[in-house]
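Engineer: Chains R and W, in that order, give the protein sequences.
If you count by my numbering, then the first sequence holds residues 1 to 400, one letter each, in order.
If you count by my numbering, then the second sequence holds residues 1 to 270, one letter each, in order.
Read the hints as simulated data drawn from the structure, not as lab findings.
It cannot be assumed that every hint is accurate.
[Unchecked claim] Each computed DSS-like pair below joins lysine-lysine, with the alpha-carbon atoms no more than 25 angstroms apart:
{"hint": "1", "chain 1": "W", "residue 1": "Lys67", "chain 2": "W", "residue 2": "Lys241"}
{"hint": "2", "chain 1": "R", "residue 1": "Lys111", "chain 2": "W", "residue 2": "Lys122"}
{"hint": "3", "chain 1": "R", "residue 1": "Lys111", "chain 2": "W", "residue 2": "Lys267"}
{"hint": "4", "chain 1": "R", "residue 1": "Lys111", "chain 2": "W", "residue 2": "Lys125"}
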Amino acid sequence: MKTWFISIPCYVIMSLLAGGPAAGMEMRSTLDLETRIQLQDSDHTEQYEHHYAIGLETGFNHSVNNGDTIFTFVPFARWDSEDDEREHFDIRELNINHASGDWETLVGIGKVFWGVVESNHLVNIINQTDFLEGVDGEDKLGQPMLRLSRSFDQSVLTAFILPGFRERQFLSVGTPGALPFRVNNNPVYQSGSGDDHTDYAIRYSGYHELIDYGVSWFNGTSRDPGFIFSGTGELIPYYPQINQLGIDIQITSDAWLWKLEALRRNFNSNSQVPVDDFTAWVGGFEYSIYGMASGLFDLGLLAEYHHDSRGNRQSVPFQNDLFTGLRFGFNDTESSQILFGGLVDLDDDSVNFRLEANRRIFTDARISLEAQGGSNVDPGNIGFSLKDSDFVLLSLELYF
Amino acid sequence: MNFNKSSLIGPIVSTVLVVMLVSTSSSFAQSAEEKGLEIVTAADRRDSGWKHLTSEMEMILRNRAGKESRRRMTSRQLEVEGDGDKSLSLFKEPRDVSGTAMLTFSHGLDPDDQWLYLPAIKRVKRISSKNKSGPFMGSEFAFEDIGSPEIEKFSYRYLGEEACGEGYQCHVVERIPKYENSGYTRQVAWFDKEHYRNIKVEYYDRKNSLMKTLDTFGFNEYAGGYWRADRFEMVNHLTGKSTTLLWTGHDFETPMDEKDFSQNALKRLK
Numbered sequence: 001m002k003t004w005f006i007s008i009p010c011y012v013i014m015s016l017l018a019g020g021p022a023a024g025m026e027m028r029s030t031l032d033l034e035t036r037i038q039l040q041d042s043d044h045t046e047q048y049e050h051h052y053a054i055g056l057e058t059g060f061n062h063s064v065n066n067g068d069t070i071f072t073f074v075p076f077a078r079w080d081s082e083d084d085e086r087e088h089f090d091i092r093e094l095n096i097n098h099a100s101g102d103w104e105t106l107v108g109i110g111k112v113f114w115g116v117v118e119s120n121h122l123v124n125i126i127n128q129t130d131f132l133e134g135v136d137g138e139d140k141l142g143q144p145m146l147r148l149s150r151s152f153d154q155s156v157l158t159a160f161i162l163p164g165f166r167e168r169q170f171l172s173v174g175t176p177g178a179l180p181f182r183v184n185n186n187p188v189y190q191s192g193s194g195d196d197h198t199d200y201a202i203r204y205s206g207y208h209e210l211i212d213y214g215v216s217w218f219n220g221t222s223r224d225p226g227f228i229f230s231g232t233g234e235l236i237p238y239y240p241q242i243n244q245l246g247i248d249i250q251i252t253s254d255a256w257l258w259k260l261e262a263l264r265r266n267f268n269s270n271s272q273v274p275v276d277d278f279t280a281w282v283g284g285f286e287y288s289i290y291g292m293a294s295g296l297f298d299l300g301l302l303a304e305y306h307h308d309s310r311g312n313r314q315s316v317p318f319q320n321d322l323f324t325g326l327r328f329g330f331n332d333t334e335s336s337q338i339l340f341g342g343l344v345d346l347d348d349d350s351v352n353f354r355l356e357a358n359r360r361i362f363t364d365a366r367i368s369l370e371a372q373g374g375s376n377v378d379p380g381n382i383g384f385s386l387k388d389s390d391f392v393l394l395s396l397e398l399y400f
Numbered sequence: 001m002n003f004n005k006s007s008l009i010g011p012i013v014s015t016v017l018v019v020m021l022v023s024t025s026s027s028f029a030q031s032a033e034e035k036g037l038e039i040v041t042a043a044d045r046r047d048s049g050w051k052h053l054t055s056e057m058e059m060i061l062r063n064r065a066g067k068e069s070r071r072r073m074t075s076r077q078l079e080v081e082g083d084g085d086k087s088l089s090l091f092k093e094p095r096d097v098s099g100t101a102m103l104t105f106s107h108g109l110d111p112d113d114q115w116l117y118l119p120a121i122k123r124v125k126r127i128s129s130k131n132k133s134g135p136f137m138g139s140e141f142a143f144e145d146i147g148s149p150e151i152e153k154f155s156y157r158y159l160g161e162e163a164c165g166e167g168y169q170c171h172v173v174e175r176i177p178k179y180e181n182s183g184y185t186r187q188v189a190w191f192d193k194e195h196y197r198n199i200k201v202e203y204y205d206r207k208n209s210l211m212k213t214l215d216t217f218g219f220n221e222y223a224g225g226y227w228r229a230d231r232f233e234m235v236n237h238l239t240g241k242s243t244t245l246l247w248t249g250h251d252f253e254t255p256m257d258e259k260d261f262s263q264n265a266l267k268r269l270k
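So here's chain R without its partners, still in its complex pose (with noise of 0.2 angstroms):
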């Protein structure tokens, strides 16, 4: 990969620049170690396969201006021992950012985040996500923009131009969340520009009381592939042409988040894969109660339904399902946290179960705990073909 030539030597003088002339620039480094237990027990055996694995992310931040001028340079790379796939390197972030008075302009490398919603990120469309990383989604590759913002005075107005496209990458066939097909390295473009297409995107984001809201609108390469049957019996991704409007709002009363995200996408006609229209929504809400077992912990309870417009249980993961929670807030000075839910398809009763527990340990590390897995997950269920991705990962973060 040629961005490997690059970031290498930027990685060195910039480790070397935040040592020693380079006053005021900001170096933070986070260094993960993970090993990942698949639990396998479909096919006739019972079987534990292990995988071990190194990331390394380094955010360099420089501030001039009183702090109204930031440059910000943040590679991430992963070694992984079973999976090359799984293996890559990514310029997360690479940009000047600059403020001043009501405007904001951020030109390179960056990443966005939009929605309000906890168990699917529905409208959140302008990085792609980096399903190498995990499945939750929050893991997102770095895209090339123009960020221009407008501040009001409790709103924002941003545009964004987004030269160039992310595609998806796709982990080996048998690593845990992977499809049971092997993907193409080359997708097919709807565009006559293929990845070179410049997508576009606006959005109004506020606040008025106890309503947060945002409105947006993309226009450009689809970050969700379509797939094509080749003779070999591999999928090729398509990426189709989409416009889209979304809407994400929270109403925050006394202990109560209630949340809100909704989508409508179109897509431009003679589409090589068929295509149809759809709208799709998730709403739900987050009580907590504090100060549980006499201080204790905070308890959260989530729950949020989504439901796609194109009903298709095969093919749409989040068409007809409710998704439960339980959050604990632990009150120590380690702060520990508990993550456990379910996310049930009310039309077939398949479950995926999802725990997350966290903890820091010495000064400047953490300790984490991810386990997922389904139950009475029906063949005709899109998640039937991750059935064997049953897996405990355990990792140890350092901070430095």
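Put chain W on the given structure of chain R with help from the hints.
Structural biologist: Just chain W, lined up with the frame of chain R:
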């Protein structure tokens, strides 16, 4: 109309007498509530007009066995006329929460508006501000102990005068929270008679037993006559745990306005 001199003079004289009587009786018998309010109003007046403040804060948490853990953060505050202050806290250590930031618009008796910024995924999340009595970063300071000290948040009663702190003569005022979700039935606060600085606070829990004591040390005067302590010691008598806050780098000069306390500003902090 037929004006009669004596009938006119009579009411005037009696009115004057009544006014004199009322005013003298009130100055002689000012209630404990009025005196308490007078003290905190004087303290509030002396600490008004600072406009904006940036500070560095280090927190040392000690458990019953004396084991220590540390927190470090940058704090920014903006004084808001006619409403509660705005504040921005940027966490630096422990390093796993480095870059996490919290924006608070306090509103006196009404619930505060509060947003949390999670830098790893660049998410700004509006959070509930109901958790007033919960611990701030696992310390012995509750969220309500570090909030903007608006007068209307408590009712007051003057308890008397006594020596306190590092050789001060102090007014002692009891304050009872009027806002919802407080963890306290009452607090007792000591203000020194010379500069009306808050020298000490005792916190009484919901069962009205003494729960925590806060002592402040090392007052410095900054331009404009504003006093700030550089060390706060909070001791929890029920758990044996304690927390020390060390303040450095108080900067009242660097200008800041509403734009520096927005969601966009939250994302810009490094």
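Engineer: Tell me the hint numbers this structure goes against, listed in increasing order.
Structural biologist: none
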